[in-house]
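Colleague: With the sequences and hints as input, model every part of the structure.
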Amino acid sequence: MPSVQPISSDPSPTTTTLGYALFATRWLQAPLYFGLVAAQGVYVYKFFNELWTLVLRCVTGQATETYVMLAVLKLVDVVMIANLLIMVIVGGYETFVSRIGLQGHRDQPEWLSHVNSNVLKVKLATAIVGISSVHLLQMFVDVHHTSRHSLLWGTVIHMAFIASAAILAYMSGPMAAQAERQHAHREHTPEEPAEKVFVPAQAASREDEPSAEERLRAAGFPARKLLEDFDSEHPRSFDRETVARLGKLDFVAAGRNVVFVGPPGTGKTHLAVGLGVRACQAGHSVLFASAAQWAARLAGARDAGRLAQELAALDDHAVLIVDEIGYTPFDAETTALFFQLVAHRYERASLIVTGDRPLGRWDEIFGGPSAPAMVDRLAHHAEVVRIDGDSYRMRRATSAWAD
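The sequence shown begins at 0 in numbering that gives the first Met the number 0 and counts up one residue at a time.
Don't take every hint at face value.
Simulated DEER-style distance windows between Cβ atoms [unchecked claim]:
no.: 1; residue 1: Leu150; residue 2: Ala281; range: 50 to 60 Å
no.: 2; residue 1: Glu227; residue 2: Glu64; range: 44 to 54 Å
no.: 3; residue 1: Met170; residue 2: Arg223; range: 13 to 23 Å
no.: 4; residue 1: Gly359; residue 2: Ile166; range: 26 to 36 Å
no.: 5; residue 1: Val71; residue 2: Ala37; range: 23 to 33 Å
no.: 6; residue 1: Val67; residue 2: Ala20; range: 52 to 62 Å
no.: 7; residue 1: Gly34; residue 2: Val78; range: 13 to 23 Å
no.: 8; residue 1: Glu227; residue 2: Trp152; range: 51 to 61 Å
no.: 9; residue 1: Ala378; residue 2: Ala291; range: 17 to 27 Å
no.: 10; residue 1: Asp375; residue 2: Ser132; range: 49 to 59 Å
no.: 11; residue 1: Ala20; residue 2: Trp152; range: 41 to 51 Å
no.: 12; residue 1: Ala311; residue 2: Thr94; range: 18 to 28 Å
no.: 13; residue 1: Tyr66; residue 2: Tyr42; range: 17 to 27 Å
What the hints contain is simulated information worked out from the structure, not anything from laboratory work. From the three backbone atoms N, C-alpha and C, an ideal C-beta is built for every residue, glycine too.
Modeller: In structure tokens, the structure reads:
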């Protein structure tokens, strides 16, 4: 019996245009954040001015212990206020104006990945309490030159900051939980399709969906390897934070790619399989094959005149893993097949690729005019993880031989 689709009325063009126009007014806030950047420059000048004065008085012997303590507290105060400005500038701009494309940057702040207006308020309140603590400490250090009235009101104001921060933190818990429940409700409501990059033509009902074990068997992994089992101490250079962030699988929902680059035996396949296993456990369909196997599969589909149908069938898999790129060179025709695969999934679904050389040297692997276009599309939305080190397999073999 065919399912009944709910009838939804789209908003009128006038309403949509008005909404877009109102939403575009958020850019009026952009100059405010650049003004805060200028204010941060003022605090940088103030910091070095205070530091220079402190150094001069210490060199000339005019600095007492109390003066040094107060001067250092002033420097700490300036740094904390500068940190507060950074939090407001970056977090506020990200939350209220526009997304900042820092994904994959090795210096991306950890807190920026989950910032929102609710979290930002709590962090700002906590920062203000810290600044107030430094001010209050300055008053107590210089207690002989501070009146009782100032000490009393300084303490009262500081306690008020603490109380307000505690109330904000207490309120943020239920608010975050309610938002999470609403998000989960939207994801599981049949009338509202889940927000995905694309949806197969005929989605199976929940009762007919394969289990995690069935997805793992169908993925074709050479072995089941977990991210938790990866020896992160073996590589000489390894971005653990990026891999930990990839383990949250946000890249799958966003249709982004992952590229592991490094010499043989450094764990690229282990990490790719680990992400694939975690994606299967999270309900995603994954398909694994080496680059040579993918080339043979695509070439067979082309020769049979069904390449377009094969690419469309691969849409059922949220993640495709292409392993061992670089060990076998490909001619122009095979490169064109890989280009069609990458272009077909571009900004729609994820590819995880492992190779022995960076993307800039893929012209050594792929021949033909379509190689640069393929690399451009693959790298546009990609997390590139570089792994440097000696072969783990050779280390084990050498150790066994020594024993």
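Colleague: Taking the hints in turn, state whether each one holds.
Modeller: Verification of the supplied hints:
1. Leu150 to Ala281: 50 to 60 Å: Holds: the Cβ-Cβ distance is about 56 Å, inside 50 to 60 Å.
2. Glu227 to Glu64: 44 to 54 Å: Between Glu227 and Glu64, where Cβ atoms are some 51 Å apart, the hint holds.
3. Met170 to Arg223: 13 to 23 Å: violated (44 Å)
4. Gly359 to Ile166: 26 to 36 Å: violated (53 Å)
5. Val71 to Ala37: 23 to 33 Å: holds (26 Å)
6. Val67 to Ala20: 52 to 62 Å: holds (57 Å)
7. Gly34 to Val78: 13 to 23 Å: Holds: the Cβ-Cβ distance is about 20 Å, inside 13 to 23 Å.
8. Glu227 to Trp152: 51 to 61 Å: Given about 53 Å between the Cβ atoms, the range holds.
9. Ala378 to Ala291: 17 to 27 Å: holds (22 Å)
10. Asp375 to Ser132: 49 to 59 Å: holds (51 Å)
11. Ala20 to Trp152: 41 to 51 Å: Taking Cβ atoms as reference, Ala20 and Trp152 lie about 47 Å apart, which means the hint holds.
12. Ala311 to Thr94: 18 to 28 Å: violated (38 Å)
13. Tyr66 to Tyr42: 17 to 27 Å: holds (21 Å)
Violated hints for the displayed structure, listed by number in ascending order: 3, 4 and 12.
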